[in-house]
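Input sequences plus hints: build the corresponding full structure.
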Amino acid sequence: MSSIITLTLPGDILFARLASQTASSIARLLADDQQTETESCVFAHAFELAVTEAFTNSVTHAPENATSAMVTVTFLFEQPHLTVSISDANEPFTIETPAPDIESFPENGFGLLIIRKLMDRVIYRRDGEWNILSMSKSL
Amino acid sequence: MTITETSQIGIAILSLNGTLDALSAPDFRNNRSVIDPEKSVVIDMENLDFIDSSGIGAIVGASRQKRQPVGGIILSCMNDRVRKVFEITNAQKLFHIFDDTIAAVDFAATRQSARA
Amino acid sequence: MKTILAFREEEYAWVHEAFPCIHPLLLPLCNKPFIEFLIDFAIIADSSSLRLLCDGGFDAVERYCENGSRWGIDLSYGSIHPDDTIHAMLGKNRKFCGEERIMIISGFSFIRYDKRLNYKSLANTMAAGEWATCPGGRITLSGMPGKTPAHWVDAPLSLMPLDGMASYYRASMEALESGADRYVLPGYGDEPGCAFGRNVVISKSVEIRKPVSIGNNVQLLADTVIGPSAIIGSNVIIDRKSSVESSIVFDNTYIGEHLKINGRIASGNRLNDPKSGASIAMEDPHLLSGIKKKGVLRSFPRKFTHAVAALVMIAVLFIPFVILRSLLKLRGQWKSARTDFLSEATGMTMSLGKVELSTASSLTSIAAALSMDRYGWLFRVLTGQLALIGSKPLPAEKNRLEITRSALSYRPGVFSYAEAEEWPSSDGDATGGDAAIVERFHIAHSTPLSDISLIIKAFVNRFQEKSIL
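Protein chains in written order, with the numbering used here: chain A, 1 to 139; chain B, 1001 to 1116; chain C, 2001 to 2469.
Simulated from the structure, these hints should not be mistaken for lab results. Predicted, not measured: the structure shown is a model, and the values here were computed from it. For glycine and all other residues, C-beta sits at the position ideal for the given N, C-alpha and C. One or more of the hints may lead you astray.
As the list claims (entries may be wrong) - Derived coverage of chain B by chain A (criterion: at least 3 residues anywhere in the stretch with Cβ under 8 Å from a Cβ of chain A; other residues may be distant):
#, region
1, 1011 to 1025
2, 1052 to 1058
Claimed, not checked - In silico lysine-lysine, DSS-like type, Cα no more than 25 Å apart, as pairs:
#, chain 1, residue 1, chain 2, residue 2
3, C, LYS2147, C, LYS2115
4, A, LYS117, A, LYS137
5, B, LYS1093, C, LYS2095
6, C, LYS2260, C, LYS2204
7, C, LYS2260, C, LYS2210
8, A, LYS117, B, LYS1093
Printed below as a string of structure tokens:
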């Protein structure tokens, strides 16, 4: 079985919860009949958190006064992997950022670190004007 | 997210309820007790369901503003999901973390009196 | 009663260095993760709940132990600071402790206990304070003791610090020798001192000398001698005629043929001497050999033989080349273009003519079979820019300029080793994939003589492949 769900949302932080809770629900739905309660909670939380981080990054790095910016969240399930891709039309970026040094009390820079730690595979690619960040994890 | 603030023996207790993320982090950041560098704050996370890197950043940033960065902000009662995010970011190293709010307040009070 | 297990990162920092792939708390002692010995002891001492405290990350431990339901206990996690005292730890976990009696096991040390003895009444009735100590580790009791029972039996208990590879080795051997009498150890076996995991394949001529502990999915090949005092982890292969004595072999380790492992710890491709702490790399000649760039002098014989062979090919193929090329050019089936390819020297490129034999016809297939499309490249062998056989030349694209820097084993050739070994060519990404592995292996191990036979193989393979068309 493979299925695709696409959400197109306005690039506003208001919608981060919507995207992440959708991710969490989808992950939960897929995990529930295959995993124990604890495992499926962990799986759903990983997606909730990763999507929050990716969506927040997309919104905060949108160019100033880009009111019409949209962020697309695509879910693809191919047994046993769930892949979520977040696309936006911002400037290109890199995912190879080093983890921030915690001793200096950093306030940001945790987002990609969290995504990398939670997901099995994180791929960034630039497609024309689009940044596409694909994150996948196996059940 | 809602923040309920109470005070005990001069220590501010902020009970967070809901989600601490990029949307709600500014509320937390602008809280008077959080901004005050002299004030010890205990953050009760019992009803905090979800935190993301913006939330972690806000708490880390707040503790940097305190006169005593490690100890100015004390955390209590975090659930496993929240604890996990602290662990991934390694931010747990910067905080004293309690499983009981009253114990956290006692600890903050002893620290404050030791300083005074 | 409840138990708190508390660890500080600095206590087990040595494990990170010695066995980087394993979380120190999961370090196997006689095929059982360290933390499980403590969990067992907590259960024997009548704990229903356990809290694991650490000042560092313990994600791997959490994934392994989960909520403790496997042992029928409640397991939870918390964090501490390196300088927290026992008192501070109790405060930070006040809700967990409640009014109950608490046993605090702190420090990275091995507990010597005996599962048959009664620690329950001791833990419950002894006065609060230290129960056992060793440098770097202690067991402390806190909270009101219960009533002393009528018959009070002493149960010996001691701690042994795990402060380096030597003490780790000693503790493992001790656990193995005292066997399943004192500790709960994994594996099956109907006689004492002999524990086997699931799916262990033992060849006929294998000799096993007690005591041994063997994990799951282990293959002991012909004529191996296992033990005495061998601890072999899971997914291990001991190859022919090797012996493992008084040693520990970690999970996922391969021990090659004709090796004598005595008094060592083998993990991955490292062999450690627990006494001196020295370690050497075990190299698998096929996959793990060090690949070095050879100097100019060493590469001279190769370049010379390649040039001579190229000269022979140029001479032999000259007449067919002239005839076929002119015929094909007339028919418009011979198209050539120049493309930049990466050269052997890091970051440099060279321009090579690339011939496309368009549309299949009998003439083009003859030309392809005779490798006419590569004829022009033969002259580059004379100038030393190309080898006659080597890697498939990589087109020079911006993002590939870095590749030759990282992959030491790139030597562009007219023919590629992958062609000689009939590996499917990987057009998309010649830096990865099976074909690249074949190329790297040959580049690292080629000699001028083996090259010549491979050149012939490559030429013949292309001949057969193309003439089928």
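Item to check | List of violated hint numbers, smallest to largest | outcome: none
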